[in-house]
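Novice: If you want the building blocks of each chain, they are given just below.
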Amino acid sequence: MFSSFMINTWIAGTAIALVAALVGYFVVIRHSAFAAHALPLGAFPGAAAANLLGVNPFVGLLVFVGMGVLLLRQLARIGRRDVGTGLLLVLFLGVGALFLSMTSEYAPEVFSLLFGEMLGVSDADLWPILVISALVTVVMITIFRPLLLDSSFPDLAALQGISAARMDLIFLSLLALVTASALPVVGAFLVFTLLVGPPAAAQSLSIHPLRSLLLAVIFAESSIWSAIALSYWTNWPIGFFVGMLGAGLFTLVRSYRHWSQRQRPVVQVSGL
Amino acid sequence: MFAFLSSQPVQTALIVGSCAALVSALIGVFTVLRGNAFAGHALADVSSAGGAASFLWGISPLLGFLGMAWIAAFGMEFLGVRKARERDLATGIVLGAGLGLSALFLYLDVTTTSTTGAAVSVMFGSLFAISQGLIWPAILAVLAVFLLVGLFYRPLILTAVDPDLATLRGVSPRWMGLLQLLVLGLAVAVCALAIGAVLATALLIGPAGAAIRLSRRPAQAIFWAMIIALTAVWLGIWMAYESYYWFSGNAWPVSFFVVVLIFLFYLLAMFGSSWSQKYQCRGIASLRRLQEP
Numbered sequence: 037m038f039s040s041f042m043i044n045t046w047i048a049g050t051a052i053a054l055v056a057a058l059v060g061y062f063v064v065i066r067h068s069a070f071a072a073h074a075l076p077l078g079a080f081p082g083a084a085a086a087n088l089l090g091v092n093p094f095v096g097l098l099v100f101v102g103m104g105v106l107l108l109r110q111l112a113r114i115g116r117r118d119v120g121t122g123l124l125l126v127l128f129l130g131v132g133a134l135f136l137s138m139t140s141e142y143a144p145e146v147f148s149l150l151f152g153e154m155l156g157v158s159d160a161d162l163w164p165i166l167v168i169s170a171l172v173t174v175v176m177i178t179i180f181r182p183l184l185l186d187s188s189f190p191d192l193a194a195l196q197g198i199s200a201a202r203m204d205l206i207f208l209s210l211l212a213l214v215t216a217s218a219l220p221v222v223g224a225f226l227v228f229t230l231l232v233g234p235p236a237a238a239q240s241l242s243i244h245p246l247r248s249l250l251l252a253v254i255f256a257e258s259s260i261w262s263a264i265a266l267s268y269w270t271n272w273p274i275g276f277f278v279g280m281l282g283a284g285l286f287t288l289v290r291s292y293r294h295w296s297q298r299q300r301p302v303v304q305v306s307g308l
Numbered sequence: 009m010f011a012f013l014s015s016q017p018v019q020t021a022l023i024v025g026s027c028a029a030l031v032s033a034l035i036g037v038f039t040v041l042r043g044n045a046f047a048g049h050a051l052a053d054v055s056s057a058g059g060a061a062s063f064l065w066g067i068s069p070l071l072g073f074l075g076m077a078w079i080a081a082f083g084m085e086f087l088g089v090r091k092a093r094e095r096d097l098a099t100g101i102v103l104g105a106g107l108g109l110s111a112l113f114l115y116l117d118v119t120t121t122s123t124t125g126a127a128v129s130v131m132f133g134s135l136f137a138i139s140q141g142l143i144w145p146a147i148l149a150v151l152a153v154f155l156l157v158g159l160f161y162r163p164l165i166l167t168a169v170d171p172d173l174a175t176l177r178g179v180s181p182r183w184m185g186l187l188q189l190l191v192l193g194l195a196v197a198v199c200a201l202a203i204g205a206v207l208a209t210a211l212l213i214g215p216a217g218a219a220i221r222l223s224r225r226p227a228q229a230i231f232w233a234m235i236i237a238l239t240a241v242w243l244g245i246w247m248a249y250e251s252y253y254w255f256s257g258n259a260w261p262v263s264f265f266v267v268v269l270i271f272l273f274y275l276l277a278m279f280g281s282s283w284s285q286k287y288q289c290r291g292i293a294s295l296r297r298l299q300e301p
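Chains as they are written, first to last, in my numbering: chain A, 37 to 308; chain B, 9 to 301.
Hints were generated in silico from the structure; no laboratory data involved. A hint or two may mislead.
Said to hold, decoys possible - Some chain B residues judged to face chain A by a derived CB distance under 7 Å, without partners named:
id, residue
1, L176
2, G178
3, P261
As the list claims (entries may be wrong) - Incomplete in silico selection of chain B near chain A, CB under 7 Å:
id, residue
4, H49
5, L97
6, L173
7, G185
8, L186
9, L190
10, A210
11, Y252
12, W254
C-beta atoms are modelled at their ideal positions from N, C-alpha and C, and glycine is treated no differently.
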């Protein structure tokens, strides 16, 4: 399981899970699950186009995810935000389907871009992931306080002179960077699952920001590690395990909270 | 034109495509009014797992899409979609789990049944390759949706626009939510069959999003959504058919044309209505100026 061809997979998975949990924490408190789902799929034609033109897939991903961020903000301005997000997402997917239909390996490409290709992460794939993960972590630490304030109390943040529009742009750019680096390895759908599942479970356990963030990172790392191991043993796609682990974790945490909230009043009464 | 209409795959595509356009326009207006675009999109994405499973077990893809869409709908309801604040998260979690299942089924499709095209036709649709046997089930699904919505039109609209008022009037939000998910599942299944599970969202929210901008009255909005959806689907099918000649033997996917057309119509409706509003406002402002002494 830790043979030489798997080492890069473990490193990439660990880095991606870390930044996904950091950005995912804000996806959850800003209620941006739809954007977090749309941006990876918006980047999807980038990989397909790069494949077609024979350039580095990473360049294609960055170009398309950047366009995605800009168009997302424009479309949100002219209509309902969720409708705009949904339409942008399918437009990009349709373009990606067109690009892929022009290549000879239509079906396998569709599958690996949507659901990931964990095996065979080359050193050339690994470098962008590590650099971007480091960059995202640093930016995240720098703007943590203003972003947190803007996400939780927008009015208070505005009073302190924090521009909501700028925070939105920074947040979406971070999301885009995580997406572009993670997509070739874990697939467009899986990026989203990592972004939402572990932070949502962590949020249910603790509302304290740092504690919740730490829990999110722990959940994300343990789900990606178990997913890699399970996928290695069973040969089944990694996306299946990450999706199921995320949903299982969330349901478990929710039932625990539900149960403990029910217990609490009884304890208080007996304490009296 | 005659060759286009007399071709068997084109006829099937036109019938199934029209079914998808009509049903999605009707349900889409409710979905967009309720602010359920993400949930609608998630249902469509998750239904891909059913489509992939249908290849595996040899059942009708329509049943596969429908079964999975309903399971996902009840999953969201169970995880607490009713609280608006948590709706986003519950939707995301169900979406993640469903996509995971989809990955597994597609993988098993490729490894056990050697249907290599499954990922493409489930995700992005293959309207020209739909078997004729699916025409009647699709029409039946559409009729069922129109019947259900026709019977409960007023409470459904009221719940979509103002849930509190609906509760005051004695409409059970629980039952209406369930009914909404039931018909949404049917609509999603037909759309997923036509233009693919991940692109079905285009039909579901695009025409409705544009139509709501064009008219404030729900019935009129539904009518406009149907016109837009039908135009996009018919034009898309025709362009995909003709693209075989445009690009010397490399036909472009029909789903691509449909999605792009819907997006263009949406932009047109948005900018068109904001221009006309600006024009009207200017008109009113100049009238006011005239009235002022």
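Novice: Under the criterion of a CB-CB separation shorter than 7 Å, is W254(B) in contact with chain A as hinted?
Specialist: Cβ of W254(B) sits 13 Å from chain A, so the hint is violated.
Novice: With 7 Å as the cut and Cβ atoms as the points, is H49(B) at the interface with chain A?
Specialist: 5 Å, holds
Novice: Would the stated hint for L173(B) survive a check requiring a Cβ distance to chain A of less than 7 Å?
Specialist: 21 Å, violated
Novice: Answer holds if the nearest beta-carbon of chain A is closer than 7 Å to that of L186(B); otherwise answer violated.
Specialist: 21 Å, violated
Novice: Holds or violated: is the Cβ of L176(B) closer than 7 Å to a Cβ in chain A?
Specialist: 26 Å, violated
Novice: Given G185(B) as an interface hint, is the shortest Cβ-Cβ distance to chain A below 7 Å?
Specialist: Check failed: Cβ of G185(B) comes no nearer than 18 Å to chain A, outside 7 Å.
Novice: Is the interface hint satisfied for Y252(B)? The criterion is a beta-carbon contact with chain A at less than 7 Å.
Specialist: 12 Å, violated
Novice: Hint check: is the beta carbon of G178(B) less than 7 Å from a beta carbon of chain A?
Specialist: 29 Å, violated
Novice: Under 7 Å is the threshold here; is the Cβ of L190(B) close enough to any Cβ of chain A for the hint to stand?
Specialist: Since chain A brings no Cβ nearer than about 21 Å to L190(B), farther than 7 Å, the hint is violated.
Novice: With a cut-off of 7 Å, does the beta carbon of L97(B) approach a beta carbon of chain A closely enough for the hint to hold?
Specialist: This hint holds: L97(B) lies near chain A, its Cβ roughly 5 Å from the closest one there, short of 7 Å.
Novice: Is the shortest C-beta separation between A210(B) and chain A less than 7 Å?
Specialist: 4 Å, holds
Novice: How about P261(B): closest beta carbon in chain A under 7 Å, or not?
Specialist: 5 Å, holds
Going down the numbered hints, you'll see the structure goes against 1, 2, 6, 7, 8, 9, 11 and 12, while the others check out.
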